[in-house]
Amino acid sequence: MKTLKFLVGIALVIAVSAFAIDRVGFNTTGEVGYSIGDNATDFKLKNIDNTLVSLSDYDEAKGFIIIFTCNHCPYSVAYEDRIIALDKMFKSKGYPVIAINPNNPKAYPDDSFENMKTRAKEKGFTFPYLFDEGQKIYPQYGATKTPHVYVIEKISGNSVVRYIGAIDNNYKDAASADKKYVEDAVNALLKGEEVSVETTKAIGCSIKA
Amino acid sequence: MQKYISYAGLIMLLIQCKGEQPLITEANTIVSSSGVEIPVYNFDNFESFLKMNDGKTRVINFWATWCKPCVAELPYFELISSKYSDQDVEVILVSLDLPNQVESRLIPFVRRQKIQSKVILLDDPDADSWIRKINENWSGSIPATLIYNGSTTNFYEQSFTYNQLEKELKKIL
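Those protein sequence lines, which keep their order, are chains D and E.
For reference, each letter of the first sequence is one residue, going 1 to 209 in our numbering.
For reference, each letter of the second sequence is one residue, going 210 to 382 in our numbering.
Calculated directly from the structure, the hints in this document are not laboratory data.
Please note that a few of the clues may not be correct.
[To be verified] Subject to a maximum C-alpha distance of 20 angstroms in a straight line, what follows is the list of computed DMTMM-like cross-link-like pairs (lysine to aspartate or glutamate):
{"hint": "1", "chain 1": "D", "residue 1": "Lys180", "chain 2": "E", "residue 2": "Asp335"}
{"hint": "2", "chain 1": "D", "residue 1": "Lys88", "chain 2": "D", "residue 2": "Asp59"}
{"hint": "3", "chain 1": "D", "residue 1": "Lys208", "chain 2": "D", "residue 2": "Asp110"}
{"hint": "4", "chain 1": "E", "residue 1": "Lys379", "chain 2": "E", "residue 2": "Asp263"}
{"hint": "5", "chain 1": "D", "residue 1": "Lys117", "chain 2": "D", "residue 2": "Glu133"}
{"hint": "6", "chain 1": "D", "residue 1": "Lys172", "chain 2": "E", "residue 2": "Asp337"}
{"hint": "7", "chain 1": "D", "residue 1": "Lys179", "chain 2": "E", "residue 2": "Asp337"}
{"hint": "8", "chain 1": "D", "residue 1": "Lys91", "chain 2": "D", "residue 2": "Asp59"}
{"hint": "9", "chain 1": "D", "residue 1": "Lys179", "chain 2": "E", "residue 2": "Asp335"}
{"hint": "10", "chain 1": "D", "residue 1": "Lys180", "chain 2": "E", "residue 2": "Asp337"}
{"hint": "11", "chain 1": "D", "residue 1": "Lys172", "chain 2": "E", "residue 2": "Asp335"}
{"hint": "12", "chain 1": "D", "residue 1": "Lys172", "chain 2": "E", "residue 2": "Glu312"}
{"hint": "13", "chain 1": "E", "residue 1": "Lys265", "chain 2": "E", "residue 2": "Glu299"}
{"hint": "14", "chain 1": "E", "residue 1": "Lys277", "chain 2": "D", "residue 2": "Asp110"}
{"hint": "15", "chain 1": "E", "residue 1": "Lys342", "chain 2": "D", "residue 2": "Glu198"}
{"hint": "16", "chain 1": "D", "residue 1": "Lys121", "chain 2": "D", "residue 2": "Asp110"}
{"hint": "17", "chain 1": "D", "residue 1": "Lys46", "chain 2": "D", "residue 2": "Asp57"}
{"hint": "18", "chain 1": "D", "residue 1": "Lys91", "chain 2": "D", "residue 2": "Glu80"}
{"hint": "19", "chain 1": "D", "residue 1": "Lys191", "chain 2": "D", "residue 2": "Glu60"}
{"hint": "20", "chain 1": "D", "residue 1": "Lys172", "chain 2": "E", "residue 2": "Asp253"}
{"hint": "21", "chain 1": "D", "residue 1": "Lys93", "chain 2": "D", "residue 2": "Asp184"}
Here the structure is a predicted model, which is why all the values come from computation and not from measurement.
Please model the complete structure; the sequences and the hints are all you need to start from.
So this is what it looks like as structure tokens:
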């Protein structure tokens, strides 16, 4: 009887994990998550200063630059200075950066909440760096990797997705990037124009739930 | 000790000597250290690896030393490589490590892990221009794997167990 219980338990674990793998697999194909024009969900996530941050806290914002990023990923690290620059450039214009670490620290200990605090301090992050506790928000957005950017425009209470993708077209060297996707998208939105490049792809570190 | 060799000249020479079309594509450079040579490609030069039509089945895995799930599945690719080499299967491990870490990270890793499969570096920072050319559905996260023979191609943006990988390979063999 004990053995049977054990086997049932095992079967359950396998069934649940199969489901989890299936879901992640589905996400990574890009079938799930937001497309341009979708209404993005708000969230209430813990910031490195232990406060909770939501999009709805930003009454004055015209929109947001939401960046899924983390500590451990070299591509994320390569973009840290550019993320700070984006926040400095656009916060005062109504498009603040909100960074979210989507990784489960069990998969990547470097991405623990404590390490997020340390990294933010070292780099002097000027923006909230939120922890997606339980890894619940990134799948709704459809983020698959870090860094992965969503430019959001606030329209009558909705958060409309206007751009999804990379920050620019050269992760190695900011000076050599001649297509600044996020900068161009936000500048277009500020002018009331359409975003010309709405989606781009980039290599990144896969997000681990 | 790092040395960059101009590979183009070498290849031209090889073509002339052998008088036949080489299967290997021109690398832009080769980084060589401690007896390990890593050919470095931009996408234009790399692209022919995706279109080789010599009857062989190719398993092309995109990975990096910093990518934990990639490193975890590398032994399965090595096993496929040794087990199926007599069935015309070639495994190519395409590293997306940062180019300035080839000597400090990639080569020591290849040496330490005694990797037998072909390891090359894809160094082309304008990823948006080439990710779709590898597969329309690839978001750009790694690990990602392409298995193809001739015009039959299957693409996977996922991690593999050995059994899954072998099963997918057998679909093409």
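Against the structure, the hints come out as follows:
no. : hint                : in the structure
1   : D:Lys180 - E:Asp335 : 11 angstroms, holds
2   : D:Lys88 - D:Asp59   : 19 angstroms, holds
3   : D:Lys208 - D:Asp110 : 12 angstroms, holds
4   : E:Lys379 - E:Asp263 : 18 angstroms, holds
5   : D:Lys117 - D:Glu133 : 15 angstroms, holds
6   : D:Lys172 - E:Asp337 : 14 angstroms, holds
7   : D:Lys179 - E:Asp337 : 10 angstroms, holds
8   : D:Lys91 - D:Asp59   : 13 angstroms, holds
9   : D:Lys179 - E:Asp335 : 9 angstroms, holds
10  : D:Lys180 - E:Asp337 : 12 angstroms, holds
11  : D:Lys172 - E:Asp335 : 9 angstroms, holds
12  : D:Lys172 - E:Glu312 : 16 angstroms, holds
13  : E:Lys265 - E:Glu299 : 7 angstroms, holds
14  : E:Lys277 - D:Asp110 : 12 angstroms, holds
15  : E:Lys342 - D:Glu198 : 18 angstroms, holds
16  : D:Lys121 - D:Asp110 : 15 angstroms, holds
17  : D:Lys46 - D:Asp57   : 13 angstroms, holds
18  : D:Lys91 - D:Glu80   : 16 angstroms, holds
19  : D:Lys191 - D:Glu60  : 17 angstroms, holds
20  : D:Lys172 - E:Asp253 : 18 angstroms, holds
21  : D:Lys93 - D:Asp184  : 14 angstroms, holds
Of the numbered hints stated above, none is contradicted by the structure.
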